[in-house]
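Given the coordinates of chain S, work out where chain D should sit on it, guided by the hints.
There are 2 protein chains.
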Amino acid sequence: METLNIRKQFANFPMPTVVVGTEEMGQINWMTVAWCMQLEYNPPMIGIVLSKNHHTSKAIRNTGWFSVNLPTIRQMESTDYVGMVSGKEKDKSKVFPSFYGDKKKVPMIEGCGIAFECALSETIEINGDPLFIGRVEGMYSDPEYLTDGKPDFAKIHPFVFCMADGSYWSLEKRVAKAWKVGESLRT
Amino acid sequence: METLNIRKQFANFPMPTVVVGTEEMGQINWMTVAWCMQLEYNPPMIGIVLSKNHHTSKAIRNTGWFSVNLPTIRQMESTDYVGMVSGKEKDKSKVFPSFYGDKKKVPMIEGCGIAFECALSETIEINGDPLFIGRVEGMYSDPEYLTDGKPDFAKIHPFVFCMADGSYWSLEKRVAKAWKVGESLRT
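From first to last, the protein sequence lines stand for chains S and D.
For the first sequence, the residue numbers in my numbering are 4 to 190.
For the second sequence, the residue numbers in my numbering are 4 to 190.
Keep in mind that the hints were calculated from the coordinates and are not lab data.
Some hints could be false.
One copy or any two copies: either way a pair holds, since identical chains are not told apart in the list.
Simulated crosslink set (DSS-like; lysine-lysine; CA at most 27 Å straight-line) [claimed, not checked]:
#  : residue 1 : residue 2
1  : LYS183    : LYS107
2  : LYS153    : LYS11
3  : LYS95     : LYS183
4  : LYS55     : LYS93
5  : LYS176    : LYS61
6  : LYS158    : LYS176
7  : LYS153    : LYS91
8  : LYS176    : LYS153
9  : LYS180    : LYS158
10 : LYS108    : LYS180
11 : LYS183    : LYS158
12 : LYS106    : LYS11
13 : LYS107    : LYS176
14 : LYS55     : LYS176
Bear in mind that the values here come from a model prediction, so they are computed numbers and not experimental data.
Okay, chain S solo, but in the shape it has when bound (with noise of 0.2 Å):
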C-alpha cells in the first residue's frame, strides 16, 4: 500500500447529501451538509457536524430544532445550490417547498425522500466546531417513495458525496443483503 499525504490527498469514504432545514424568527434557512451520521437507534437520534460560524448553526441553538432532509437525484441542483451560498447574503427559503411536521417547529423539504424533525438534545464541541445531536421526533416521506410502508430507496434516488473528487454520486444498485451476503465464510 501506498502511503498518501493527509494533507493534500486527503479523501474520505462516501457521505451521505442531506439538506439541514432551519426556521428562526420566521426565515427559514436550508443548507447541505455531508458530515451527518445515526448516532443511536432508540431513541432515534442523527448527529451533524458544522462550522460554528455557519448561519444554520446559530439558528439550532437559538431555536433547539432542525430537520434533516435526504434530497432525491431530482433535487440535486438545488442541494448543491443551498451548500453554496450563505442565509447570512442571501434568503434561500424559497429554494425548496416546505412542510411542516406535527411538532410545528421546524421546516422540511416537501418532496424530499425522507425528512427527520429533530429536537436538539446535545451539543458538543469538536476542535471548536459544533457537533448537534438531535432526537428524531418525527419523521416523513412521500407515498411515491415508499413500498409496503417503508422508504425504498430505488425509488428515492438519493446520491452521495464523495470528497476525493469534489462530487455527488448516485446509488444505482443494490447489490446484496447485509448481515447475508458474508454467510458463505462462516465456518
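Showing chain D alone in chain S's frame:
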C-alpha cells in the same frame, strides 16, 4: 408528505460501509461499521459509534488506536462477515490480509480502497455508547486505486449501507461536481 412510524419504518440516509481494525495483546480483529463520519479537516478526524459491549470498543479503549478501512466491492463478503460474528467468539484476524503503517500501532486492510490509521483523541458517550473520535495519523491506498496520486472512487468501487432495506448499494456513477451543479440557481 406521509408521517412514518419511527419505530417501525426507521430508515436513514445512505451510510458508508467501513471496516474498523484493532489489535490488542497481539490479537487482530475486524468489525464492520456504518455509523462513521468525518468530523474535522484540520486536524483530520473521523468519528465512529459502536456499542459499548463490542469487542472492538474494548480494544480501542485499551490500546488507543483503531483503523478505518474503506473496502472495495470485491471485499463485500468479508466485510459483511466481520459484521455478523463477534471477535469474542471467532478469530477474525485472517479474514483480511493486513499491513501496518508508519506508526506500527494498528493493522489495516491490504488492498482496501483507503486505510486511515487513527489515534484515539477523545471518547464521547452518547446514550451510554461510545463515539470514538480518531485523529488520522496516516492514510494509505493501493497504487491501482489512484488517479494523479489521489484516491479515485471510480477505481475503488466502495459501497454504502442502507438501513431501510438492510442492503449494500454500489456507487456507480459520478453524476455531478459539487459546488458547481448548483451554479445555475445563483441569482
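Status of the hints after comparison with the structure:
1. When the C-alpha separation of LYS183 and LYS107 is checked against a cutoff of 27 Å, the pair qualifies neither within a copy, at 41 Å, nor between copies, at 33 Å.
2. For a Cα distance limit of 27 Å, the shortest separation of LYS153 from LYS11 across copies, 9 Å, qualifies, whereas the shortest one inside one copy, 42 Å, does not.
3. Taking identical chains as interchangeable, the C-alpha atoms of LYS95 and LYS183 lie at most 27 Å apart only when they sit on different chains, with a minimum of 17 Å there against 44 Å within one chain.
4. In the homo-oligomer, the alpha carbons of LYS55 and LYS93 lie at most 27 Å apart inside one protomer (19 Å), although the nearest pairing across protomers, at 44 Å, exceeds that limit.
5. With identical chains, the CA atoms of LYS176 and LYS61 are never at most 27 Å apart, being 38 Å at best within one copy and 35 Å at best between copies.
6. With identical chains, the CA atoms of LYS158 and LYS176 are at most 27 Å apart both within one copy (11 Å) and between copies (17 Å).
7. When the C-alpha separation of LYS153 and LYS91 is checked against a cutoff of 27 Å, the pair qualifies neither within a copy, at 37 Å, nor between copies, at 34 Å.
8. Taking the shortest alpha-carbon separations for LYS176 and LYS153, both the intra-copy value of 18 Å and the inter-copy value of 25 Å come in at or below 27 Å.
9. Within a single copy, LYS180 and LYS158 get their C-alpha atoms as close as 17 Å, and across copies as close as 23 Å, so both meet the 27 Å cut-off.
10. In this assembly of identical chains, the alpha carbons of LYS108 and LYS180 never lie at most 27 Å apart, being 37 Å within a copy and 33 Å across copies at closest.
11. In this assembly of identical chains, the alpha carbons of LYS183 and LYS158 lie at most 27 Å apart whether taken from the same copy (23 Å) or from different copies (25 Å).
12. For the homomeric pair LYS106 and LYS11, the shortest alpha-carbon distance between copies (19 Å) is at most 27 Å, but the shortest distance inside one copy (45 Å) is not.
13. Taking the closest pair of Cα atoms, LYS107 and LYS176 never come within 27 Å of each other, the shortest separation being 36 Å inside a single copy and 38 Å across copies.
14. Taking the closest pair of Cα atoms, LYS55 and LYS176 never come within 27 Å of each other, the shortest separation being 37 Å inside a single copy and 33 Å across copies.
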